[in-house]
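These are the residues of each chain, in order.
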Amino acid sequence: MGKVRLKYFSRIREIIGKPSELIEIKSKNLQDLIEELQSMGEQYSVLKGENFAVYSAVDQNMVTDVKASIKGATEIAFFPPMTGG
Amino acid sequence: MGKVRLKYFSRIREIIGKPSELIEIKSKNLQDLIEELQSMGEQYSVLKGENFAVYSAVDQNMVTDVKASIKGATEIAFFPPMTGG
Amino acid sequence: MDNKIIVRVQEPDFDLNLEMEALKLKTKKAGAVVFFVGKVRDLEDDKLQYLEIESFEELAKRQIEEICDNAANTWDLEYILVKHRFGRLKLNDNIVLVITSSKHRENAYEASRHIMEYLKSNVPFWKKEVANNTENWVENS
Amino acid sequence: MDNKIIVRVQEPDFDLNLEMEALKLKTKKAGAVVFFVGKVRDLEDDKLQYLEIESFEELAKRQIEEICDNAANTWDLEYILVKHRFGRLKLNDNIVLVITSSKHRENAYEASRHIMEYLKSNVPFWKKEVANNTENWVENS
Chain U
10 MGKVRLKYFS RIREIIGKPS ELIEIKSKNL QDLIEELQSM GEQYSVLKGE NFAVYSAVDQ
70 NMVTDVKASI KGATEIAFFP PMTGG
Chain X
10 MGKVRLKYFS RIREIIGKPS ELIEIKSKNL QDLIEELQSM GEQYSVLKGE NFAVYSAVDQ
70 NMVTDVKASI KGATEIAFFP PMTGG
Chain D
528 MDNKIIVRVQ EPDFDLNLEM EALKLKTKKA GAVVFFVGKV RDLEDDKLQY LEIESFEELA
588 KRQIEEICDN AANTWDLEYI LVKHRFGRLK LNDNIVLVIT SSKHRENAYE ASRHIMEYLK
648 SNVPFWKKEV ANNTENWVEN S
Chain P
528 MDNKIIVRVQ EPDFDLNLEM EALKLKTKKA GAVVFFVGKV RDLEDDKLQY LEIESFEELA
588 KRQIEEICDN AANTWDLEYI LVKHRFGRLK LNDNIVLVIT SSKHRENAYE ASRHIMEYLK
648 SNVPFWKKEV ANNTENWVEN S
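Sequence lines, in order, name chains U, X, D and P.
Quick note: the first sequence, position 43, residue 52 per my numbering, numbers continuous.
Quick note: the second sequence, position 76, residue 85 per my numbering, numbers continuous.
Quick note: the third sequence, position 17, residue 544 per my numbering, numbers continuous.
Quick note: the fourth sequence, position 70, residue 597 per my numbering, numbers continuous.
Hints were generated in silico from the structure; no laboratory data involved.
Among these hints, one or two may not hold up.
[Stated by the list, open to error] Under the rule of at most 27 angstroms between Cα atoms (straight-line distance), these lysine-lysine pairs were calculated in the DSS-like manner:
1. U:Lys76 / U:Lys27
2. P:Lys655 / U:Lys16
3. D:Lys574 / P:Lys556
4. U:Lys27 / P:Lys647
5. D:Lys630 / P:Lys617
6. D:Lys555 / P:Lys655
7. D:Lys531 / D:Lys574
[What the hints assert, rightly or not] Ranges between beta-carbon positions, derived for each pair:
8. U:Lys12 / D:Thr601: 53 to 61 angstroms
9. D:Tyr577 / U:Arg14: 54 to 62 angstroms
10. D:Glu662 / P:Val657: 54 to 62 angstroms
11. P:Lys531 / X:Val75: 47 to 55 angstroms
Just so you know, these numbers come straight off a predicted model, no measurement behind them.
Note that beta-carbon positions come from the ideal geometry of N, C-alpha and C, so glycine has one too.
Make a model of the complete structure from these sequences and hints.
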């Protein structure tokens, strides 16, 4: 895999402490990626979704299957439950 | 009974040919009044409601019981089905 | 009648922005505002020349106030406004405005539908469509 | 996407009168127009200082377009517009505008409710209420 732009929104952005970062990743799906990010710091454990649901969008498409491939993705976003309207 | 202001709206106004008139009436309820008005001309037969429903309001209150007293009324209105909104 | 209820039977048009401003002055608790606007629409086949709306003004106002009171007692609403026009209107002109506002949007939607339902057949207005120089009193739909 | 559908994710406010004018230029067949406006409401106990709305703009626009397409396929509609704001908003400021227009009012009402329902939990916006100098991310209601 190559470099991917990770984006964080709302409470996740606040916990991770930045709105986005460009990093080199090895993982082939979201589940592995969330595991991989743990090594970068304790704050990334928010992505496991233990305190509140975490949603993901790969290249601006919502993804619900954490085992779906992220091969070739250029942007992966993580965010908490949405509260629009 | 004394003088009563009769009001006609929409199709009924067009058929009777005037928007209102002040007349002396003898009838004690709407049913009798509609009967009484027949003597004033053929056009008043529209009030019998044979072609379309005729609604009435006595002193600006809708009245559905044609046998209810109209004693003391100062205004009686007749109109076809309403089409607001 | 409740002072959060405003009812007008009028010839002039209404202004949506001004109505929104007036509503905001009256309530800060409501997050949901539903505006229903009924406007003059074109006929299927003919070309509408104009729509003439006749009203029995005093009774119409009274009947609308009654349905608004009823809605206020049925749903948790912060504001109710109904303005219904009469007179000669042309294509796309506004006919009626119903505003309902509530903390939770369901109440505003339901009250709006209820008021419109009632307006269609229980309030003394009559519409006449004039097209191709023929006149046609609108039947209830 | 259908040219009767307009979606904007934006910081500036919207103008109800201008939106109505734009709609009237697009459709002469619709008699019913439903506007839903969501605005910033005051809190129950606290005094709201401001509401901060964060958005994932590109995805939000895409998600709203999808629900509008879906509504257009489900109900007979002449016009659909959604404008959702982000940024810092104060009490009574407008947040979202949904306009649906149809020949028969039931379609406009139902589509409006459907779009709002979806907006609440499927479109990437997040609201943070700031009051008494404490911050609170709004939970879904």
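Structure-based check of all given hints:
A hinted pair counts as satisfied when its Cα atoms are at most 27 angstroms apart, and lysine 76 of chain U with lysine 27 of chain U qualifies at roughly 26 angstroms. This hinted pair checks out: lysine 655 of chain P and lysine 16 of chain U have alpha carbons roughly 19 angstroms apart, not beyond 27 angstroms. Among the hinted pairs, lysine 574 of chain D with lysine 556 of chain P is consistent with the structure: their alpha-carbon atoms are about 11 angstroms apart, no more than 27 angstroms. Restraint check for lysine 27 of chain U and lysine 647 of chain P: the C-alpha separation of about 25 angstroms stays at or below 27 angstroms, so the hint holds.
Straight-line distance between C-alpha atoms of lysine 630 of chain D and lysine 617 of chain P comes to about 17 angstroms, which keeps the hinted pair within the 27 angstroms bound. Our distance criterion of 27 angstroms between C-alpha atoms is met by lysine 555 of chain D and lysine 655 of chain P, whose separation comes to about 18 angstroms. At most 27 angstroms may separate the alpha-carbon atoms for a hinted pair to count; lysine 531 of chain D and lysine 574 of chain D exceed this at roughly 40 angstroms. Distance hint check: the CB atoms of lysine 12 of chain U and threonine 601 of chain D are about 59 angstroms apart, consistent with the given range 53 to 61 angstroms.
Hint check: tyrosine 577 of chain D to arginine 14 of chain U, Cβ distance near 59 angstroms, so the stated range 54 to 62 angstroms holds. Between glutamate 662 of chain D and valine 657 of chain P the beta carbon distance is about 60 angstroms. The supplied range of 54 to 62 angstroms therefore holds. Between lysine 531 of chain P and valine 75 of chain X the beta carbon distance is about 49 angstroms. The supplied range of 47 to 55 angstroms therefore holds.
Checked against the numbered hints listed earlier, the structure breaks hint 7 alone; every other hint is satisfied.
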